[in-house]
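Between the sequences and the hints, there should be enough to build the whole structure, so can you do that?
Just so we're aligned: the sequence shown equals residues 31 to 287 in this note's numbering.
No lab work stands behind these hints, which were simulated from the structure alone. Warning: the hint list may mix true and false statements.
Claimed, not checked - In silico EDC-like links for lysine to aspartate or glutamate, alpha-carbon gap of 20 Å or less:
id : residue 1 : residue 2
1  : K52       : D152
2  : K241      : D109
3  : K245      : D75
4  : K114      : E71
5  : K114      : D65
6  : K99       : E86
7  : K224      : D75
8  : K52       : D96
9  : K261      : E95
As the list claims (entries may be wrong) - Pairwise CB distance ranges, derived in the manner of DEER restraints:
id : residue 1 : residue 2 : range
10 : K284      : E71       : 24 to 32 Å
11 : Q285      : N38       : 52 to 60 Å
12 : R279      : M31       : 16 to 24 Å
No residue lacks a Cβ here, since even glycine has one placed at the ideal position from N, Cα and C.
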Amino acid sequence: MDILSSINDGILTLEFNRPERKNAITAEMYQLMADALNDAEGNADVRAILIVGKPEIFTAGNDLEDFMKNAPSSGAIEDRSVYKYMMALSGSTKPIVAAVSGNAVGIGTTLLMHCDLVYAADNAKFSMPFVQLGLCPEFGSSLLLTQIAGYPRAAEKLMLGEAFGAQEALEMGLVSKVLPVDELRAFAEGQAAKLVALPASSIRVTKELMKAARKATVSEAIAAENIHFGKMLSSPEAREAFMAFFQKRKPDFKQFS
Numbered sequence: 031m032d033i034l035s036s037i038n039d040g041i042l043t044l045e046f047n048r049p050e051r052k053n054a055i056t057a058e059m060y061q062l063m064a065d066a067l068n069d070a071e072g073n074a075d076v077r078a079i080l081i082v083g084k085p086e087i088f089t090a091g092n093d094l095e096d097f098m099k100n101a102p103s104s105g106a107i108e109d110r111s112v113y114k115y116m117m118a119l120s121g122s123t124k125p126i127v128a129a130v131s132g133n134a135v136g137i138g139t140t141l142l143m144h145c146d147l148v149y150a151a152d153n154a155k156f157s158m159p160f161v162q163l164g165l166c167p168e169f170g171s172s173l174l175l176t177q178i179a180g181y182p183r184a185a186e187k188l189m190l191g192e193a194f195g196a197q198e199a200l201e202m203g204l205v206s207k208v209l210p211v212d213e214l215r216a217f218a219e220g221q222a223a224k225l226v227a228l229p230a231s232s233i234r235v236t237k238e239l240m241k242a243a244r245k246a247t248v249s250e251a252i253a254a255e256n257i258h259f260g261k262m263l264s265s266p267e268a269r270e271a272f273m274a275f276f277q278k279r280k281p282d283f284k285q286f287s
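As C-alpha cells, then:
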C-alpha cells in the first residue's frame, strides 16, 4: 500500500509509503487519505491523527506523471481526489500532528499549514516550487504562509520556490521543534499520545476557536487558488515546465510574456 493507515491507542497514523518514487503522491493516494480522514471524523476511537513519511523522505509532492494524466478540465477541481483531501485535512476537527524528515515538496509543505503540531527532523528540507512549474500556490498557502511567516519571507518562498531547511522553517513558525532524525517519529507519537489523553471535547473546541477567525478566508483562498491553478495547468509556461522536467533540462520561460 502506498499509504499505510492504522489506528492504535486512539491515534490514526497515515504514512506515505512509496519510497521507490520518493513518496510522490498519486490520485489514488489522495483518495485513500481523504477517505481515512473523513472516516476518522465519525470514529470516536480516533482522538488524534499523525502524518508521517520515511526517515529519508516525507514526500516529493505530486507524482507529475499521474498528476498530468489526471489533470482536470476547467472547473472540475471539486471532483478530484486532491481537492477532497484538501477539504478533509483542512476541515478535520481532530488534532493533527505531522512529523517531517527529508524533502517535503509542494503539497508536502503546504499540507503542514493545516496541521496543529508540526515537528521536523534536522534533515528536513521544504520547498514550494509552484511558480517554477508555471503554476501558482495551492492549499491556501498564499494566505497561510503570509500569516505564518510574514509577507516578505512568504514572497521569497512562494515566488522563488527555493528549498529551505528545518532551522529556517522553525524560525518562520512553520514547525514547532527540530529533532534528530532518529528521534522524530517517537517524539511525534508521544505528542499525539498526549492529545489522546486529554479531553476530546476540550481539544475539539480549542481547535475550533483557534481556527474560527480564518476558516472562511482559508476556504476562499483554496477556492481562488484552485481556479487559477486549473487554468494555469494548460498554459504555455506550464507545458514548457513539465516538458523540461520530463526531458531533464532547464525550462526556458523567456519566450513567454
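We went through each hint and held it up to the structure:
| no. | hint | in the structure |
| --- | --- | --- |
| 1 | K52 / D152 | holds (18 Å) |
| 2 | K241 / D109 | violated (26 Å) |
| 3 | K245 / D75 | violated (26 Å) |
| 4 | K114 / E71 | holds (14 Å) |
| 5 | K114 / D65 | holds (9 Å) |
| 6 | K99 / E86 | violated (27 Å) |
| 7 | K224 / D75 | holds (15 Å) |
| 8 | K52 / D96 | holds (14 Å) |
| 9 | K261 / E95 | holds (18 Å) |
| 10 | K284 / E71: 24 to 32 Å | violated (48 Å) |
| 11 | Q285 / N38: 52 to 60 Å | holds (54 Å) |
| 12 | R279 / M31: 16 to 24 Å | violated (34 Å) |
In terms of the numbered hints stated before, the structure departs from hints 2, 3, 6, 10 and 12, listed from lowest to highest.
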